[in-house]
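Novice: With the sequences and hints as input, model every part of the structure.
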Amino acid sequence: MEMQMIGRGRDAVAMLADEGSFQENHVGNAVMDAEFGPGAVVGTARIGGVAVTMIANDAEAVNPRFPVVYFGVIGMEEAYKMASAVYETIEADREKRPGEKRPLVLVVDTPGNAPGKVEEIFGMNKATGAYQLALAEARKCGHAVVAIVIGRAISGAFLCHGLQADRILALPKEYGTVIHVMPLSSISRITKMDIERLEELSQKSPVFASGVDFFHRLGGVEEIVSAPEKMAEAVSRHIAEIRCHKAKGEFEKTGPWSRGILGAERQGRTARPAVLARMQQEFSQVSGRYLR
Amino acid sequence: MRYSELQRKSFLEATARERAIGLTDEGSFTELAGPRDRMMSPHLPILGEAVSFDDGVVTGVGLVGEHPVFVISQEGKFIGGAVGEVHGAKMAGIFRLALTAYDHAAQEHPHDLERYRPAVVVSFETGGVRLHEANAGLLAHAEIMDLIQDTKGKVPVISLIGSKVGCFGGMGFVAAATDVILMSPQGRLGLTGPEVIEQEIGKEEFDASDKSLISRTTGGKHKYIMCDCNELVEDRIGAFRDALCGLLNRPYSSLCRCRRIGSYELVREQMALVRLAAQLNPSDSKDIWRYYGNAEPDLIPEMEVKEFLKTAHRRPREVE
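Protein chains in written order, with the UniProt record's numbering: chain A, 1 to 292; chain B, 1 to 320.
Source of the hints: derived by calculation from the structure; they are not laboratory data.
Keep in mind that a hint or two might mislead.
What follows is a set of in silico ranges between Cβ atoms, one per label pair, in the way DEER data are often shown [what the hints assert, rightly or not]:
(1) R97(A) / G246(B): 40 to 46 Å
(2) S28(B) / E174(A): 52 to 58 Å
(3) E318(B) / R189(A): 42 to 48 Å
(4) R38(B) / V31(A): 55 to 61 Å
(5) D18(A) / A278(B): 33 to 39 Å
(6) D213(A) / Q107(B): 44 to 50 Å
Below, a sample of chain B positions facing chain A; criterion: calculated Cβ distance under 8 Å [unchecked claim]:
(7) A33
(8) E204
(9) P282
Positions of the beta carbon are idealized from the N, C-alpha and C atoms, including for glycine.
Specialist: Have a look at this one:
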């Protein structure tokens with residue numbers, strides 16, 4: 001087995017950053033509260049000489065106030081801390097033009113959003129939603145946002161931390177990278193289908209099974225980066241490309257919408273464009289009744 | 001069913017199509033990518049599962065006054081309203097059409113936008129991602145969050161939650177990201193559903209067979225007290241429609257003020273709430289109801305909506 005990065009968010013940050021450049025809790029013009037959201041690592045680093053805001057998970061941290069937050073789980077504090085880092089980044093570069101604003105780099109290794117009673121009483125849904133809206137806003141006002149999956153990118157936690165990026169990169173499965181909603185064993189239990197049969201079917205259809213390669217085919221991952229030591233170069237390259245698009249005002253060439261188009265190109269998601277086209281066509285026939 | 005009967009019908013009992021028709025002005029609803037188009041999941045048959053001609057979601061356009069209202073109404077009877085590739089694309093398609101309609105209104109009625117502004121209405125009934133096509137469902141959620149951010153400043157997005165399945169999983173944060181949330185007491189809103197909490201943490205954390213615990217933690221009254229739902233209405237299609245019409249008669253800026261997340265200011269307000277969560281560490285929602293000034297929390301679950309609205313004390317908002 002190759003050297004794994006799972007559970008090593010801080011190591012990945014250090015590997016991506018120019019040597020010694022990572023300043024934890026310094027984001028934009030702010031210094032974040034170091035006690036709040038210990039499962040999330042935020043700060044500023046340089047990658048290939050470019051100053052970026054970095055946001056990662058710390059699998060070794062536990063949150064003393066919220067016991068379900070450990071092993072990289074994103075809890076309420078963590079999600080709001082991540083959202084704050086995004087807003088501080090937006091604030092710091094408010095006067096800069098799209099494409100010139102500082103990039104955000106998301107290092108993804110998280111098994112989930114915090115499940116718990118207190119979380120539901122106070123609304124964990126808001127915390128994870130808040131971070132996603134912040135990332136979408138940053139992307140749409142001209143920051144380049146790159147996510148790199150170094151370990152676990154599981155279900156709602158991947159939506160929270162990763163899937164709002166302009167581009168998503170991932171280490172190959174040989175490094176232990178896991179991207180899925182549920183393992184095949186759980187899908188087998190719920191759908192009451194043999195796991196062997198599901199494994200066989202997953203060769204034909206990438207839509208339900210666990211795996212980086214399947215997400216790549218669906219357009220959910222732009223590029224698989226062959227090894228950890230190649231991550232920094234790949235992130236820099238994608239940042240440069242994204243900045244180029246944003247400087248030209250091409251905001252739909254990157255991000256979730258463009259991954260939908262990529263999913264069709266790679267033959268992973270072909271029903272989606274047919275549905276969108278049909279709805280447009282049907283609406284155009286009746287739009288006179290509704291648009292005055 | 002006649003339109004007037006539809007208005008009196010229970011929202012909880014209604015089908016997704018009845019809700020869509022009843023929420024918009026009489027006779028104004030046109031379904032888009034409806035069952036006649038047979039846009040079905042290509043993935044379910046591979047797993048030997050039955051398909052639905054609408055893939056578990058009714059999408060279309062209607063009117064409320066002069067406002068074009070783009071409707072998404074999820075059907076819990078089909079795989080729990082779960083989101084697959086087609087279902088997700090239908091949702092995304094509605095947002096795209098609403099944004100186009102906004103551009104039209106902004107061009108044709110620049111001085112009268114309040115009257116002609118389109119809206120998106122989502123009647124949630126879902127547990128989030130459909131496992132049979134989980135990866136495609138997950139990616140659809142990201143697209144919808146992206147599109148919700150596109151609507152900011154343009155098109156109000158209004159969530160209606162009062163159906164049997166509730167609104168959980170990824171759709172729980174999609175709802176949180178919208179501008180306004182309307183619920184009935186029967187509505188349920190959360191991220192991690194009760195069964196999943198019980199399975200992952202244990203029965204002592206959450207007993208998923210305890211219906212009143214589920215209601216106290218995720219139900220409309222609790223979310224109203226927490227200001228996570230903006231208005232609480234009775235369990236009738238007509239009651240949801242009246243509240244919707246009321247909202248669309250208000251200036252757009254007042255709907256934007258209903259948001260709970262979506263800016264740094266709002267995130268700071270939520271962070272203060274999380275600090276309170278750590279400090280109080282409540283074992284039950286009743287603790288927090290009492291904290292906000294509801295002296296007899298035991299009476300709240302059984303209260304009629306009218307009486308509850310008259311007497312309930314809510315979390316004071318810091319951001320106006």
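Novice: Is the gap between the beta carbons of D18(A) and A278(B) within 33 to 39 Å?
Specialist: Because 36 Å falls inside the window, the suggested range holds.
Novice: Should the interface hint for P282(B) be scored as holding, given a Cβ-Cβ cut-off of 8 Å against chain A?
Specialist: 6 Å, holds
Novice: Kindly confirm whether 40 to 46 Å is satisfied by the beta carbon distance between R97(A) and G246(B).
Specialist: 42 Å, holds
Novice: With chain A as the partner, please determine if A33(B) meets the hint condition of a C-beta pair closer than 8 Å.
Specialist: Check passed: Cβ of A33(B) comes within 5 Å of chain A, closer than 8 Å.
Novice: Is it true that E318(B) and R189(A) lie within 42 to 48 Å of each other by Cβ?
Specialist: 44 Å, holds
Novice: Grab the minimum C-beta distance from E204(B) to chain A and call the hint holds if it beats 8 Å, violated otherwise.
Specialist: Violated, because the Cβ-Cβ distance from E204(B) to chain A comes to roughly 10 Å (cut-off 8 Å).
Novice: Indicate whether the distance between the beta carbons of D213(A) and Q107(B) respects the range 44 to 50 Å.
Specialist: 45 Å, holds
Novice: Would you say the C-beta atoms of S28(B) and E174(A) sit inside 52 to 58 Å of each other?
Specialist: Taking Cβ atoms as reference, S28(B) and E174(A) lie about 56 Å apart, which means the hint holds.
Novice: Starting from the range 55 to 61 Å, see whether the pair R38(B) and V31(A) falls in it by beta-carbon distance.
Specialist: Holds, since R38(B) and V31(A) (Cβ atoms, about 57 Å apart) stay within the stated range.
Consistency with the previously given hints fails for number 8 only.
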